[in-house]
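Novice: All the letters of the sequence shown, read from the start, carry residue numbers 1 to 505 under this note's numbering.
No lab work stands behind these hints: they were computed from the structure. It should be emphasised that the depicted structure is a prediction, and the values quoted were computed from it without experimental measurement. For glycine and all other residues, C-beta sits at the position ideal for the given N, C-alpha and C. Hints should not be assumed to be uniformly reliable.
Derived CB-CB ranges, DEER-like [as the list claims (entries may be wrong)]:
(1) 316 - 393: 36 to 46 Å
(2) 70 - 341: 42 to 52 Å
(3) 385 - 411: 38 to 48 Å
Below 27 Å or equal to it, Euclidean Cα-Cα: the simulated DSS-like pairs (lysine-lysine) are [said to hold, decoys possible]:
(4) 146 - 79
(5) 340 - 388
(6) 54 - 79
(7) 340 - 206
(8) 206 - 79
(9) 340 - 325
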Amino acid sequence: MIKLGAFLVPLVVASAVVAATPDFGMYGFATLGGSTTGGSGGTVVKVSSFSDLKQYAEALETPYVILVEGEINTNIAVKINTDGAVDASGTISTTYGELIAVGNNKTIVGLGSSAFLNRVGLSIQKKHNIIIRNIKFTMSDVPISKTDENKVVAYRNGAEVVLNDPDCINIQADSAADNWAEKNVQASYNIWIDHCEFYNAATDNKDRYDGLLDAKNNIYNATFSWNYFHDHHKGSLIGNSNGDSLRHEITFHHNYYKNIDARQPMMRYSMSHLYNNYTEGNAGSGNGPNVRIGSDLYIEKNHYASLSQAIFYGDDGKATIVGNKYDGCGTLMSSGCGSKTMRIQINSGTTFTTADTSYVKIDSLTAVGSFKPSDYYSYTTDAVTDVKDIVTTWAGVGKISTTEYEQNVVTPSSSSVESSSSSSSSSTVAILSETAINTRVYAFVQNGAIVIQAEKGTKLRLFNPLGSLLYVGTATEAETVLALNVTRGTYLLQIGKHTQKILIK
Numbered sequence: 001m002i003k004l005g006a007f008l009v010p011l012v013v014a015s016a017v018v019a020a021t022p023d024f025g026m027y028g029f030a031t032l033g034g035s036t037t038g039g040s041g042g043t044v045v046k047v048s049s050f051s052d053l054k055q056y057a058e059a060l061e062t063p064y065v066i067l068v069e070g071e072i073n074t075n076i077a078v079k080i081n082t083d084g085a086v087d088a089s090g091t092i093s094t095t096y097g098e099l100i101a102v103g104n105n106k107t108i109v110g111l112g113s114s115a116f117l118n119r120v121g122l123s124i125q126k127k128h129n130i131i132i133r134n135i136k137f138t139m140s141d142v143p144i145s146k147t148d149e150n151k152v153v154a155y156r157n158g159a160e161v162v163l164n165d166p167d168c169i170n171i172q173a174d175s176a177a178d179n180w181a182e183k184n185v186q187a188s189y190n191i192w193i194d195h196c197e198f199y200n201a202a203t204d205n206k207d208r209y210d211g212l213l214d215a216k217n218n219i220y221n222a223t224f225s226w227n228y229f230h231d232h233h234k235g236s237l238i239g240n241s242n243g244d245s246l247r248h249e250i251t252f253h254h255n256y257y258k259n260i261d262a263r264q265p266m267m268r269y270s271m272s273h274l275y276n277n278y279t280e281g282n283a284g285s286g287n288g289p290n291v292r293i294g295s296d297l298y299i300e301k302n303h304y305a306s307l308s309q310a311i312f313y314g315d316d317g318k319a320t321i322v323g324n325k326y327d328g329c330g331t332l333m334s335s336g337c338g339s340k341t342m343r344i345q346i347n348s349g350t351t352f353t354t355a356d357t358s359y360v361k362i363d364s365l366t367a368v369g370s371f372k373p374s375d376y377y378s379y380t381t382d383a384v385t386d387v388k389d390i391v392t393t394w395a396g397v398g399k400i401s402t403t404e405y406e407q408n409v410v411t412p413s414s415s416s417v418e419s420s421s422s423s424s425s426s427s428t429v430a431i432l433s434e435t436a437i438n439t440r441v442y443a444f445v446q447n448g449a450i451v452i453q454a455e456k457g458t459k460l461r462l463f464n465p466l467g468s469l470l471y472v473g474t475a476t477e478a479e480t481v482l483a484l485n486v487t488r489g490t491y492l493l494q495i496g497k498h499t500q501k502i503l504i505k
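Make a model of the complete structure from these sequences and hints.
Specialist: Spelled out as structure tokens, the structure:
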């Protein structure tokens, strides 16, 4: 792929040669609306624990570049039975699950090839400007509670808590509003999910887990690229139900789908662009893109192989289907294929190569849509004959350099300050930091105020537990008294380029 530069004149170019090193830049809908910058310009932090990831990722507005190192789970052991319910006599040893509510202006990037969120899902609810790259996700063996649907069971403050769906990533804009005008202005937008891996444990219960990457309600300016989805029942649901007629505008490109039964993806009321994806079934099973009610899709130069149904539609969905490649199961001569055919639905006038027509059956014709992605953004495609090799080689984790993010990295370390806001005496004093010039910084709570003692001229910034900036300034000669409304939680004190946490108990 070759980036085309400024988005002045929409243009589509097909390359004829497989690139040795693909262009992994941002393309598609995520480039619109001023582009998606994530936590660019914010503090860069390296995290290796659930508590640190949660603190920085859930900061409401403060921009952070969060570097994830190694596996992160809750580290709270529990046993479950084969249905996923918590059971002291269960035969499966696992950990409690969790969902992190990601705030605005965040970049979350895995380091190397080992960054792994294990039974820890990400929820993006009415948020914007978020980048997630190079992380492996699974909800395998997450404890669940069966209500109307399976829900994640977490353990917080000494008790079990039932959370939301067991998605690896769930993007939504749920609204309690009862009027359409208000619902329509609540959205999640400008989101880029790139080079991640999503999977779950094999199970005969298709509802044991939910989607790998779902987007519901009002979602736009999003790109999902170079991801590896595999070994699961339901891949991606776009649009919550036939009543979810809000915006769903997403670019899917260079994703690798393998051994997924359905929803690759399934789209309602979606104006989405699918190009250069490789979708591989398991000996003739599994379904590719499902074009549903209200959708107007552009499905371009994808390779579909060994599926039961490659492209299919219902509820009068529309799609422009251009230049795709189809390999029926029998074509691949894989074990278990026999002479199985792959069913497809196409636009009127579509022509096939001889190879395409082997073990491929045309079910019916799909109505052509009016959406053209080149009217919205510039992009380039790889030749459809190269898609399999490019995507299977370069999709997933461990394929990108993260050097651009690893500048001025801060490694969090916790310090405690006991709150004594109800007392006139001060609490325990904790050493928070020692700077390169040997400046010692102390902080404590006194009469409801945070008191900071530091060398005169030391630059200070303080953020509350929600990530909002409470104070910015420089230390006075003796001490800086911040007469703030102190509540329980973890505060962030930034001294120059050094960052430290203050735990108010």
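Novice: Run every hint past the structure and note whether it holds.
Specialist: Hint check results:
Checked against the hint of 36 to 46 Å, the C-beta distance between residue 316 and residue 393 comes to roughly 38 Å, which is consistent with it. A beta carbon spacing of about 45 Å between residue 70 and residue 341 agrees with the range 42 to 52 Å that was offered as a hint. In this structure the hint that residue 385 and residue 411 lie 38 to 48 Å apart at CB holds, the actual value being about 46 Å. About 16 Å separates the Cα atoms of residue 146 and residue 79, which keeps this hinted pair within 27 Å; it holds.
Taking the CA atoms of residue 340 and residue 388, the gap is near 21 Å; set against the 27 Å cutoff, the hint holds. Between residue 54 and residue 79 the alpha-carbon distance is near 24 Å, which keeps this suggested pair within the 27 Å criterion. A C-alpha spacing of about 24 Å is found between residue 340 and residue 206, which places the hinted pair at or below 27 Å, so the restraint holds. For the proposed pair residue 206 and residue 79, the alpha carbon gap of about 21 Å is at most 27 Å, so the pair holds.
About 17 Å separates the Cα atoms of residue 340 and residue 325, which keeps this hinted pair within 27 Å; it holds.
The structure agrees with every numbered hint stated previously.
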